[in-house]
Amino acid sequence: MTSLIESAAGTADVADAADRPTAAKATWDAFRRNPLGILAMGLLALLIVVALVAPLLASYPRGHGTAILRPPSAAHWFGTDNLGRDVFAEVVYGTRASMLVAAGATALAIVIGVTVAVCSAYFRWVDGVMGVLVDLFLSLPVLPLMILVAALVGPSLQTIVFVLAFFSWPEVSRVVRSQALAVVRLPYVDAARLATGSPLWIIRKHLLPAVAPVIAVSVVLTASRAVLSAAGLAFLGLGDPNSWSWGRILFEAQQSGAMQEAWWTTLFPSLAILALVVAATLLSIAYNDARDPRTRKD
Numbered sequence: 000m001t002s003l004i005e006s007a008a009g010t011a012d013v014a015d016a017a018d019r020p021t022a023a024k025a026t027w028d029a030f031r032r033n034p035l036g037i038l039a040m041g042l043l044a045l046l047i048v049v050a051l052v053a054p055l056l057a058s059y060p061r062g063h064g065t066a067i068l069r070p071p072s073a074a075h076w077f078g079t080d081n082l083g084r085d086v087f088a089e090v091v092y093g094t095r096a097s098m099l100v101a102a103g104a105t106a107l108a109i110v111i112g113v114t115v116a117v118c119s120a121y122f123r124w125v126d127g128v129m130g131v132l133v134d135l136f137l138s139l140p141v142l143p144l145m146i147l148v149a150a151l152v153g154p155s156l157q158t159i160v161f162v163l164a165f166f167s168w169p170e171v172s173r174v175v176r177s178q179a180l181a182v183v184r185l186p187y188v189d190a191a192r193l194a195t196g197s198p199l200w201i202i203r204k205h206l207l208p209a210v211a212p213v214i215a216v217s218v219v220l221t222a223s224r225a226v227l228s229a230a231g232l233a234f235l236g237l238g239d240p241n242s243w244s245w246g247r248i249l250f251e252a253q254q255s256g257a258m259q260e261a262w263w264t265t266l267f268p269s270l271a272i273l274a275l276v277v278a279a280t281l282l283s284i285a286y287n288d289a290r291d292p293r294t295r296k297d
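Numbering-wise, numbering that gives the first Met the number 0 puts 297 at position 298 of the sequence shown, and it's gapless, one number per residue.
I should point out that these hints are in silico values taken from the structure, not numbers from a laboratory.
Where a beta carbon is used, it is the ideal one built from N, C-alpha and C, also for glycine.
Just so you know, not all the hints are guaranteed correct.
As the list claims (entries may be wrong) - Computed Cβ-Cβ distance ranges for the label pairs, DEER-style:
(1) V131 to I47: 33 to 43 Å
(2) Y59 to P186: 55 to 65 Å
(3) V277 to A102: 17 to 27 Å
Generate the whole structure from the sequences, applying the supplied hints.
Shown next, in the form of structure tokens:
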């Protein structure tokens with residue numbers, strides 16, 4: 000009788016374990032119950048779609064037109080600028096350029112930052128050198144240095160991407176390293192060291208999956224900061240003059256004096272920047288809350 004009871008209890012435990020959702024499913028279930036997180040994800044998806052289908056939404060703004068500084072209307076949804084160009088088209092193509100900058104700068108920053116972080120956490124002899132390097136970068140005045148480098152190298156899309164990535168990876172490395180240090184001290188990592196002598200295998204199979212959620216949050220936040228920094232550089236006249244960006248729209252409005260006379264030339268690109276930054280921030284907060292079992296709602 001006792002063995003039957005133990006067998007039934009074991010069967011029940013197996014059934015409960017089978018019914019228990021995985022960590023990814025539990026995170027998604029908690030995330031989709033957060034309306035702000037869903038709204039932020041939808042807004043970011045909308046901006047990505049606008050960037051992808053920009054030629055279908057508007058013609059590329061070039062040259063000049065006769066409708067100068069016209070307010071928003073049915074013909075020009077966002078009005079026109081001082082040269083008669085459609086501000087809606089400028090914002091649409093600015094979305095494409097901003098997303099390209101965000102994607103390129105974020106990809107480089109994540110690759111460099113994560114590589115430095117996991118190597119520093121796993122190889123203790125590397126941590127001292129890399130720790131000093133990261134602290135040095137984080138102590139530098141980022142904005143003046145970005146302005147200096149962009150001015151010396153010359154304004155272009157590639158320059159902006161490399162400059163933003165160069166000054167963004169230390170923050171990624173600091174966040175990922177703090178999580179990786181906690182992981183390398185866990186017993187299963189010690190067991191993996193005994194089972195195999197390949198650090199690369201342990202990093203790929205155990206360390207990177209463990210810090211993947213932190214990397215995901217870093218991707219979103221780094222992208223939003225890259226867009227904000229790129230807009231700031233373009234507003235200072237250090238953006239790519241051959242492509243539209245949200246910062247270039249603001250720069251040209253300021254240079255022409257339209258910023259004081261035509262509110263629509265600054266409102267809509269500013270709203271686009273605000274929407275992306277706020278959406279990225281809300282998405283990262285919602286994801287962190289959903290990933291934390293203590294904050295999940297049953």
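Right, here's what the structure says about each hint:
1. V131 to I47: 33 to 43 Å: Holds - the Cβ-Cβ distance for V131 and I47, about 38 Å, lies within 33 to 43 Å.
2. Y59 to P186: 55 to 65 Å: holds (58 Å)
3. V277 to A102: 17 to 27 Å: holds (19 Å)
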